Amino acid sequence: MSGFFANNIEEAVLSGCREGDNSAHAQLFSAFSKPVFTLALRLTGSRPVADEVVQDTFIEVLTKIAQYRGDAPIGAWVRRIAVNKALAQLRSPWHKRGESLAPDIETYDIDQSVSMDLVTCLQRLGPTARSVLWLHDVEGYTHKEIAAVMEKTVSFSKSQLSRAHQRLNAWANTDEADAQASKRGTKFDKSRASVLSISSSPKLTVS
Amino acid sequence: MHVKIEQLLEMRDGAPVDSAAIRHVELCDSCSRQFKQLHKSRQALLDLPQLAPSPQVFAQLSKRLVNERRAYAPRRRAQPLQWAVAATVVVALALWMVPQSTDRQAIEKALTPVAQEGGVSRSAPIVAAVDSVKRDELLGRSAALEAVAEQLALLGTGEPSSSTDEALTALEAQLALVDYNLNAAQIDQYVPTELNALLTRRVNTLENIVGVQRAELARQGYHGFQVMTASNIEENQTW
Chain G
1 MSGFFANNIE EAVLSGCREG DNSAHAQLFS AFSKPVFTLA LRLTGSRPVA
51 DEVVQDTFIE VLTKIAQYRG DAPIGAWVRR IAVNKALAQL RSPWHKRGES
101 LAPDIETYDI DQSVSMDLVT CLQRLGPTAR SVLWLHDVEG YTHKEIAAVM
151 EKTVSFSKSQ LSRAHQRLNA WANTDEADAQ ASKRGTKFDK SRASVLSISS
201 SPKLTVS
Chain P
1001 MHVKIEQLLE MRDGAPVDSA AIRHVELCDS CSRQFKQLHK SRQALLDLPQ
1051 LAPSPQVFAQ LSKRLVNERR AYAPRRRAQP LQWAVAATVV VALALWMVPQ
1101 STDRQAIEKA LTPVAQEGGV SRSAPIVAAV DSVKRDELLG RSAALEAVAE
1151 QLALLGTGEP SSSTDEALTA LEAQLALVDY NLNAAQIDQY VPTELNALLT
1201 RRVNTLENIV GVQRAELARQ GYHGFQVMTA SNIEENQTW
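Listed in order, the protein sequences are those of chains G and P. In terms of our numbering, the first sequence opens at residue 1 and continues consecutively. In terms of our numbering, the second sequence opens at residue 1001 and continues consecutively.
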């Protein structure tokens, strides 16, 4: 789940950051690096790009921290910057050519078995549908907010969300069918189902 | 006619929906299943674990921050006279302060490389005592090394080379993280071995900082300032 609001940052840390104190930077980084990285990874689908987004986000946060007045929680401010940086990566011509969208297998520092299927399905979605899905369902963005950050319309956001869920449901059903087929002894090509593909219309075939 | 997924999503998110659609979902197995699936999917997404960026990201970030700041800061070049004055003052300070600030031995010790902590098994109380002695020793070395690093930092008046700058930035970032970990944790709650491992990392990082500083000073022509160890200070004082 979104961890941008789980951390309480003391004013002393923020003023340390404003003064360029390295240990205050470390504290802020340690509080928000995971939420920023997770968000960036979900939106971009690539670890190296997500690392870059983390750097870009913190550069902006730390160089503009003097402008942060504390009207909104610091987490909301950091998240807004992170979302903009991640979407900027998706819009970049380099990213659009697909060079950075190489399939990327995640390494979990906790139990991997829990949600690998869902992660695989997420990776299979196109970057736009995946971003809308994540921003709406996990970060709690409204369609209006998504439309604003993505420079699209509200109905675009709604249709992307519907499409993303339709695909997730379809893949979930396929997995279920796979499980039932295994029970019946029908062989299903599991290896193809586990390929992390960025293709917008992946097909799972029964061999 | 089944309810569209857009409407199901609106129902899920609590938006106002046509009552006929709600009634249909209650009665239709297929729509009801899909509606439940939408709930499940969102919950599964929320339950996904948080992931950490690559370990080197913070060091790279610190490096970039320094470069960003430098790009906006006015460049300052030291004049020859400033060099001479700074060098004279710092030599005098170094010779006077270091021996007085208690322990040349600590400085010497500080400059002696520390062996890496091994995975020694610890069970007897005597081992805890050894840990505590080791911790005091590491704290002493750490403080002494910090003093040396501070004094060395005062010496250079020229622009450090970019590789020195990068190395120092990365090491300072590393030091900040170690300090953060040391400060963040309640020392008493730490298993002594872990605390000692952190302190060892701090001492090693400081040793590396001092090493880089000394190399930079040598590059700037301050060969005489490699006399910061106690033995060399003594040597200088006998002149």
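If you're looking for bench data, these hints aren't it; they were derived computationally from the structure. In this text the structure is predicted, and so the values were computed from the model without any measurement. There's no promise every hint is true.
[What the hints assert, rightly or not] As a list, the in silico SDA-like pairs of lysine to any residue whose alpha-carbon atoms are at most 25 Å apart:
no., chain 1, residue 1, chain 2, residue 2
1, G, 64, P, 1174
2, G, 64, P, 1031
3, P, 1036, G, 34
4, P, 1040, G, 84
5, G, 144, P, 1134
6, P, 1134, P, 1064
7, G, 158, P, 1182
8, P, 1004, G, 34
9, G, 158, P, 1031
10, P, 1004, G, 145
11, G, 34, P, 1170
12, G, 144, P, 1014
13, G, 152, P, 1045
14, P, 1040, G, 162
15, G, 158, P, 1043
16, G, 144, P, 1046
A quick look at each hint next to the structure:
no., hint, result
1, G:64 with P:1174, "23 Å, holds"
2, G:64 with P:1031, "49 Å, violated"
3, P:1036 with G:34, "30 Å, violated"
4, P:1040 with G:84, "28 Å, violated"
5, G:144 with P:1134, "60 Å, violated"
6, P:1134 with P:1064, "36 Å, violated"
7, G:158 with P:1182, "47 Å, violated"
8, P:1004 with G:34, "36 Å, violated"
9, G:158 with P:1031, "19 Å, holds"
10, P:1004 with G:145, "23 Å, holds"
11, G:34 with P:1170, "21 Å, holds"
12, G:144 with P:1014, "16 Å, holds"
13, G:152 with P:1045, "24 Å, holds"
14, P:1040 with G:162, "15 Å, holds"
15, G:158 with P:1043, "19 Å, holds"
16, G:144 with P:1046, "21 Å, holds"
Going through the hint list in order, the structure does not satisfy hints 2, 3, 4, 5, 6, 7 and 8.
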